[in-house]
Amino acid sequence: MKFDLKKWIRTGSLKSPWVLHFDCGSCNGCDIETLACLTPVHDVERFGIINVGNPKHADVLLVSGTVNHRNKVVLKNLYDQMAHPKAVIALGACGLNGGIFHDAYNVVGGVDKVIPVDVYVPGCPPKPEAIIDAVVVALGKLKGMLENEDAPGAGEKQADAERDKAANA
Amino acid sequence: MTRSIIPFGPQHPVLPEPLHLKLALEDETVVEAVPALGYVHRGLEGLATRRDYSQMVYVVERVCGICSCIHAMCYCNCIEKLMSIEVPRRAQFLRVIWSELHRAHSHLLWLGLFADSFGFESLFMALWRVRERVMDINEATAGNRVIVSTNIIGGVRRDLSREQMNSILKDIAIMEKELKNLYDTMMNDYSVKKRTVGKGVLSKEQAHALGAAGPTLRGSGWAQDARQLAYEAFDELNFAPVVETDGDCYSRTKVRFREVFQSFDLVRQAIGKIPEGELAAKVKGNPEGEITFRVEQPRGELFYYVRCDGSNFPERVRIRTPTFANIPPLLAILPGAQLADVPVITLTIDPCISCTER
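As you go down the protein sequences, you meet chains G and H in turn. Using the numbering used here, read the first sequence as starting at 1 and increasing by one per residue. Using the numbering used here, read the second sequence as starting at 1 and increasing by one per residue.
Don't take every hint at face value.
[Claimed, not checked] With a straight-line Cα cutoff of 30 Å, these simulated DSBU-like cross-link-like pairs (lysine-lysine) come out:
#1 G:141 / G:127
#2 G:72 / H:204
#3 H:22 / G:76
#4 G:56 / H:81
None of these hints come from the bench; they were simulated from the model.
Excised from the complex, chain H in its bound form (with noise of 0.2 Å):
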């Protein structure tokens, strides 16, 4: 049988971002699957000798749009270790709050990004017009929809007011209503399950062996979340991560739809139990040493690494992102795929480039 590459992306209607991937075929079946990196890429760690500790705050941020509030936080928290700041209470409240509302918006976008990758466009508007009453309330809190930019040096720049607080409940109790009636939708239509159960299979132990994070990682059954690090306000809050045993497309769409109720939870529990106090602590001097931290993203596992020598600037900031852990089982699932399932397994990975390449 004589192979044939078709290349996927880097512009491609089904993806937002420049992703490419070489894919080769028999038939319609593909064989292989060679990814070509860097089309994203900025050099955003070189920038940390350019820009001092706390201008780096906004340099990470940028690192990935969606989730930029968790880089930041991941980020600050290695500073603030360094330079043994406590950060007050009210702050680690607060930032749970913002970062819970970005991996439900996260999600939310991928369910969307992910029902019109097999043409179904009806869900994919659905989700994104429930997906608005959270750009609304970043809106609303913090000045601007995606980047909110909240997290300083030493803790959160802005505060919410109890009015601010009770009308993030009341929209996500509307946000819920909404979601509970698509979670109908979605998970239990023939034409969804046709595409997504029993496709792109990753196995439990592929999975731990390819180091595959987040929602893939836990698709394929295993209960890994960086959150029970008890980072931040994560200690006293009552959350467990969500598990599907079966590994497919359908499985790791499942456990990002189930993950966006366990957000809202955690925003409900923390606006519950924040505590009152200062929103920052004071900065001196420098920070000096180096230290590694792991927060969880929407997408998985993030780890910092940032060394300093005690001057204004970092001397090195080393970023491991979720999405390049989960090339591997993409490339893993792709062969034996047919051709018109390619968007979909690619999607279920929830790929971001500018994550990946930085």
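Bound conformation, chain G alone (with noise of 0.2 Å):
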């Protein structure tokens, strides 16, 4: 039987999703309830997730806080180093609109206003137990871009077209 490296790959992004986390402007609650899903008490690396530190390795990016103008660049980096597919996950009030700092002079509002974002988590801060749900709706994302991928480019394409979007808007 011939070695499939697509199809092994994409059942590898899936069955053990790596994640990249970014404190975007965040006050620490979203960002200590993320690592808390890494300790015994909830413990996602026995499902394979683990916590990464380079984009370039990562499938789901991890975003919590407000987006400031300082941030942006380092974000939307972050972003264009992930390969594709990727999905995004906006955590907390602060990484939806902006929350309770949304009219502060340096804050330019939630993730969506700098990068395309799939999963919102609402909460201040989200429970871990949010947070893990959220990578799994995330996940079910994941799945349909790899399904929709079979087009050459059609995931890029995909998401420059939201980019785009979200940056015009």
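With the hints in hand, could you dock these two chains into one complex?
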């Protein structure tokens, strides 16, 4: 039987998604709840979900907090470095639309002002259970993206269109 | 020798937060560290002119999620002093209980991250498992795990029943037993000592001259703790500042570990001495005048300045946070360190970037 590398990678990114976490101006509440997902009580590592530091290794991007004028460049950089297909999760009230800081002078707004977001998790901060659930929902979306990917470049085109839409909004 | 510049952060696996240091290296040795701040700046102090003084409690809670209760306590104290509100004694004890639980979970979180920074992942897991018990107490008593939001101007929002207090005492006893085992592991382990003893030494004179705060200062031999000012119910509770004298990463770790036990002891004392009574005093009118207040946060001394002009909105809220005070000492101890020790040394000041930049 011929070894199908593409199929192998696809199975891997669904069965063992690697997560990149970026704190984008959050108050730490969401960050420590994200870390709490890794620790013995919730322990997502037993399902193969690993928190990685390199965007090139990641399938899912977890963003917590409001976007400000300085870190929006970093956030966009990280997103662009991730390989297709990828899912983005916005954590907490701040990640959704700026939350309590929405009218502060240095706040651009939610994560979707800069990059397309697939899953929104409300809460201040969301509980670890909610974050794990969001990753599961994101994997469903990722699966859909993989199935539609058969047309060459479809995933990239779709993501680019979404990003342009978000940038123009 | 040619210098090379290594960027440390803003997205770095060892820190959950975007701290950015530009490290100038000669070979593997750091010769200079230049911080670049502003990745978490939201302009929170500016919000004071748009939120009225009672809504501002929720804003200051989100200066830093880890020590949210203590920020709110400091801000409420400022407004209460301006309006001459007598906070009920029971509310003061309840504030102490929640704030000391926050300190315990903040230190446990830090100890876990610190263990992770030198690659001791099983110790990280073990410490965070203990910490989950504190989070469960928070959830059971206040309804939220991280931002408990129990402080309001004039007192507290929620009460603790006798059963809840008993279950807190039971949980604390279990946690102390678990932590005693971990204390031996962390403080006597060969590999932990190898990575921490003699690394990043901040001398007693340096610590004072550079204005270090909190465990960073106490780790260098200064017995200074803002809780000695006896705000809230601390006048009735017995404690002495935890002091270590070596000033290296090991002694700062030891200070924090011993402070976890101290916090549990303070919670136990507070539950033993708590009187019956009202939860909150009535608040009428608007505050006027200016005031400063200091409390002890897990990272050190927290300072608030509030000016009100008698309208609904505070005119100015200025927050000076301990991590900001600890950045000059960090820049003083980094030169001379090996690149591999930079994450360990950086973590020993307990960097909280959302506090620093607000």
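Results for each hint:
A C-alpha spacing of about 21 Å is found between residue 141 of chain G and residue 127 of chain G, which places the hinted pair at or below 30 Å, so the restraint holds. Proposed proximity of residue 72 of chain G and residue 204 of chain H is contradicted: the alpha carbons are some 40 Å apart, above 30 Å. Annotation: proposed proximity of residue 22 of chain H to residue 76 of chain G holds, straight-line Cα distance about 21 Å (limit 30 Å). Simply put, residue 56 of chain G and residue 81 of chain H have alpha-carbon atoms about 53 Å apart, too far for the 30 Å limit, and the pair is violated.
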